[in-house]
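One-letter residues, chain by chain:
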Amino acid sequence: MSPTDISRAKAAVGLTDVSMAFGGKTVLASVTLDIAPGSVVALLGANGAGKSTLIKILSGVHTGHGGQVRVDGRPVALQSPLAARQLGIQTVHQRIGEGIVPGLSVAENLVFEELAQQRGNPFLNGGRLLARAREIQAGLGLDWSDTVLKRDVTELGISDRQLLILARALATRPRLLVLDEPTSALSAAEADRLFALVERMRDDGIAVLYVSHRLGEIDALADRLVVLRDGRLTEDQAKPFDWDAALRAMLAQTQEATTARPVRPDASGDVVVSLRGVRLFEGRAPLDLDLHAGEVTGVVGLLGAGKTELARGLFGAEPFGTGTVALDGKPYEPRRPADAIRAGVHLVPEDRHADALVPGWSVAQNISLPFLRSLSKAGLVQRSREDALGRATIDALGVVTRDEHSTVEELSGGNQQKVVVGRWLAETPRVLILDEPFRGVDIGARRDIGRRARALAAEGAAVLVLSADVDEVLEVADRVVVLAAGEIHLDAYGEDAERDRVIQTISESV
Amino acid sequence: MTTAQSTEVPSKTALPPATGTAVRVQNAVIKYGFIFVTVALFLYFALSEGSFRESATLLDTLRYVSVAAILGLGVTLTMAVGGMDMSVGAVAGLGVSVAAQTMVVFNQVGTVAILAVLAAGALAGLLNALLIVVLKIPDMLATLGTMFVIQGSKLILVDGQSITPGMTMDDGSTAPGKFTSGFLKIDRGTVLGIPISVLIFGGLTIAAWVFLARTRWGRVLYAIGANPEAARLAGIRVGAYRALAYVLSGVLASIGGLILASRIGQGDVSAGTSQLLEAVAVALVGTSVLGRGRPNVWGTALGAVLIGIITTGLTIKGLPYYTQDVVEGAVLILALVFSFTLSKRRTS
Numbered sequence: 001m002s003p004t005d006i007s008r009a010k011a012a013v014g015l016t017d018v019s020m021a022f023g024g025k026t027v028l029a030s031v032t033l034d035i036a037p038g039s040v041v042a043l044l045g046a047n048g049a050g051k052s053t054l055i056k057i058l059s060g061v062h063t064g065h066g067g068q069v070r071v072d073g074r075p076v077a078l079q080s081p082l083a084a085r086q087l088g089i090q091t092v093h094q095r096i097g098e099g100i101v102p103g104l105s106v107a108e109n110l111v112f113e114e115l116a117q118q119r120g121n122p123f124l125n126g127g128r129l130l131a132r133a134r135e136i137q138a139g140l141g142l143d144w145s146d147t148v149l150k151r152d153v154t155e156l157g158i159s160d161r162q163l164l165i166l167a168r169a170l171a172t173r174p175r176l177l178v179l180d181e182p183t184s185a186l187s188a189a190e191a192d193r194l195f196a197l198v199e200r201m202r203d204d205g206i207a208v209l210y211v212s213h214r215l216g217e218i219d220a221l222a223d224r225l226v227v228l229r230d231g232r233l234t235e236d237q238a239k240p241f242d243w244d245a246a247l248r249a250m251l252a253q254t255q256e257a258t259t260a261r262p263v264r265p266d267a268s269g270d271v272v273v274s275l276r277g278v279r280l281f282e283g284r285a286p287l288d289l290d291l292h293a294g295e296v297t298g299v300v301g302l303l304g305a306g307k308t309e310l311a312r313g314l315f316g317a318e319p320f321g322t323g324t325v326a327l328d329g330k331p332y333e334p335r336r337p338a339d340a341i342r343a344g345v346h347l348v349p350e351d352r353h354a355d356a357l358v359p360g361w362s363v364a365q366n367i368s369l370p371f372l373r374s375l376s377k378a379g380l381v382q383r384s385r386e387d388a389l390g391r392a393t394i395d396a397l398g399v400v401t402r403d404e405h406s407t408v409e410e411l412s413g414g415n416q417q418k419v420v421v422g423r424w425l426a427e428t429p430r431v432l433i434l435d436e437p438f439r440g441v442d443i444g445a446r447r448d449i450g451r452r453a454r455a456l457a458a459e460g461a462a463v464l465v466l467s468a469d470v471d472e473v474l475e476v477a478d479r480v481v482v483l484a485a486g487e488i489h490l491d492a493y494g495e496d497a498e499r500d501r502v503i504q505t506i507s508e509s510v
Numbered sequence: 511m512t513t514a515q516s517t518e519v520p521s522k523t524a525l526p527p528a529t530g531t532a533v534r535v536q537n538a539v540i541k542y543g544f545i546f547v548t549v550a551l552f553l554y555f556a557l558s559e560g561s562f563r564e565s566a567t568l569l570d571t572l573r574y575v576s577v578a579a580i581l582g583l584g585v586t587l588t589m590a591v592g593g594m595d596m597s598v599g600a601v602a603g604l605g606v607s608v609a610a611q612t613m614v615v616f617n618q619v620g621t622v623a624i625l626a627v628l629a630a631g632a633l634a635g636l637l638n639a640l641l642i643v644v645l646k647i648p649d650m651l652a653t654l655g656t657m658f659v660i661q662g663s664k665l666i667l668v669d670g671q672s673i674t675p676g677m678t679m680d681d682g683s684t685a686p687g688k689f690t691s692g693f694l695k696i697d698r699g700t701v702l703g704i705p706i707s708v709l710i711f712g713g714l715t716i717a718a719w720v721f722l723a724r725t726r727w728g729r730v731l732y733a734i735g736a737n738p739e740a741a742r743l744a745g746i747r748v749g750a751y752r753a754l755a756y757v758l759s760g761v762l763a764s765i766g767g768l769i770l771a772s773r774i775g776q777g778d779v780s781a782g783t784s785q786l787l788e789a790v791a792v793a794l795v796g797t798s799v800l801g802r803g804r805p806n807v808w809g810t811a812l813g814a815v816l817i818g819i820i821t822t823g824l825t826i827k828g829l830p831y832y833t834q835d836v837v838e839g840a841v842l843i844l845a846l847v848f849s850f851t852l853s854k855r856r857t858s
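Those protein sequence lines, which keep their order, are chains A and B.
With my numbering applied, the first sequence covers 1 to 510.
With my numbering applied, the second sequence covers 511 to 858.
The following block holds chain A by itself, in its conformation from the complex (with noise of 0.2 Å):
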């Protein structure tokens, strides 16, 4: 036996040159790839490399595949999720709203595979479900109470949830857990309960695929990293990782593996935004906060920091309760959105699935939505108009469609987060609100999202960027705000808003 086929009969799931092809596209090429028990392999791709084909092979999802699977060395066919399941293979999926049964408690929710399995007894019993609840949730250490178990699931918040389903996914004791960007909704504190868990399953033998965008977690959770691109493998390390080899290998055309500080603008334009005495929540002090012409403010904080009540009170989603606003020295006060838009002040908000585009639509139409009454003549949508507008942005942003009549489900996750922030260029603001406009993006569409909105600013806009991860938000502000409980915990410029010292401040208004 060569050292090869040792590692492979060694592999808890192997695949041996697997690849698809869809209406003749090759998605996937020939990806061969063992993954160790007891090991976490990151996996690493632009938005569009065959990640998210990979996965589905795994999950069960796509059948028809090239190749081989193999689960303990021995070759299996993963003809559906159920199949994949029984085959010890679990997947989290991203969108974690997918696998929570609304209506159902925490315990039914916690026991749901096994309950939707079961054979024999088909009356439910409360009693066994909430001792196999406490069992399942007492193996993970997630310290939930019977209260926790008892109540709703939809009570939970997001982390829980994302936690729930980890440990339903746990309970069937898997092979292989597939995790697809599990802490895309976490907050920093949130993420580090994920990761205790991730490397305790380790510890337990378990292999463990992990999909992130996030190259810190990746550089400290896991013990080996692989490159998709175009559908091919492209790098393939070990432990410690070479991180300007593995992003070049992800996006060939950049050199450099960090993006320049911008510099602090000599100096700050005009105030155009002035909130003065705004609470963000019940019970928190009034917050003050000036936003400049030319200048990209960005606002960094946990998720329930009040990043979103900031984002759409300023854009009449949901009012401010107290407190005054000025925009450019006039009083401003949007009770809804088309107010909002009519000031000149836009938002790109937070899911751009749930708040922003509509399915089904063309690219061009999705961008014209909210200046319809402009590409019209007497009510009628001048289509020509229409489409140089979406060829315009396609341009602008490099979205990466056919054309500007492909719907918007064609593009991939960055590029569809192209089309929201083009949308809201199409007039251009006076005040552009970007909440998490970086969520499930790839490193590139990231970079010409933050050049398009460093852009605006140049022009003398001002531009308001909010997320929870603190490298986003260096990478594109000139000035760094911390917000923690609807409260300002730091607010400083270039060089005095340092990575280490932006998290410590987080760290400490915890």
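Please note that the accuracy of each hint is not assured.
Have a look at the derived ranges for each label pair, beta carbon to beta carbon [to be verified]:
1. S374(A) with M650(B): 34 to 40 Å
2. R383(A) with M650(B): 30 to 36 Å
3. P359(A) with L702(B): 42 to 48 Å
4. T172(A) with I843(B): 36 to 42 Å
Everything labelled a hint here was simulated from the structure, so no lab data went into it.
Note that the structure is predicted; figures quoted are calculated from it, not measured.
No residue lacks a Cβ here, since even glycine has one placed at the ideal position from N, Cα and C.
Dock chain B against chain A, hints included.
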């Protein structure tokens, strides 16, 4: 979904080379299948039954479906905002009673009757809008409620009696008025040989199509139906537009009521009840006719014509009238198979 960029949401049916044509055939079936069936049926009836070929039969068919079609246009508008107006049949029935009341009991001219009917339709639409937009009751339940209320209050209005010209009133006198000849022309008169009700149907179809498919207001209605929160955050006054859809639906239903009143020539208490299901069926058939999978005006109009051709053809073929419901139901289910089963497979 079969384009080069579809890496994130690849189409499941798209397998290697040969499928290109298979997918194209399937798409063509979904898109043109219904039109093909309509044309084929038309040719079959036209070739096998001489009387079907006569232009009078064809115009009668269109005249017959015009009420359900116009009601269906209203349903289409409410479906565009993600709702469903179940009260259109009742509103049309209300229109019949209001028309009869205005002309027969209050002895007014046809123009007044028309205005009264349109106002009643708009009011019914406002009531629906109030329940749905302000009181936040789910669309179908709210309009189901108004359907009963409108039907019931119409009965109270006319003391449960059909209003006929020359009938005896409560105080023993004879009803003073009658359906004016002008009013009766709505359904019975023709212009250049085409029944006025068919012209109304055609005109409203074109107007509704321009409104829904070409104007920004129509675009906004569709946006609300597809993603209401995104519409709100794009600066759209969602409540106002949903209310608009229901008011327009009420007005369209009352126009259907005008044609119906003109056709019956009296204030029949049961008028309009059978129109609801036909209108909903026509709008649902319409979502699948052009393979769009969403409510659209041409689809609704074509759906109405298709149902008309089938009903007339089968009647000429000697099928008893009471089989009509089964036939219409079967057409509806076939349409639903087209729009859900087949197109789902195409996109998932």
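Each hint, compared with the structure:
Restraint check, S374(A) to M650(B): a C-beta distance of roughly 36 Å satisfies the suggested window 34 to 40 Å. Under the hint 30 to 36 Å, the C-beta atoms of R383(A) and M650(B), about 34 Å apart, fit the expected range. The given range of 42 to 48 Å is respected by P359(A) and L702(B), whose C-beta atoms sit roughly 45 Å from each other. The hint said 36 to 42 Å for the Cβ distance between T172(A) and I843(B), and at roughly 41 Å that hint holds.
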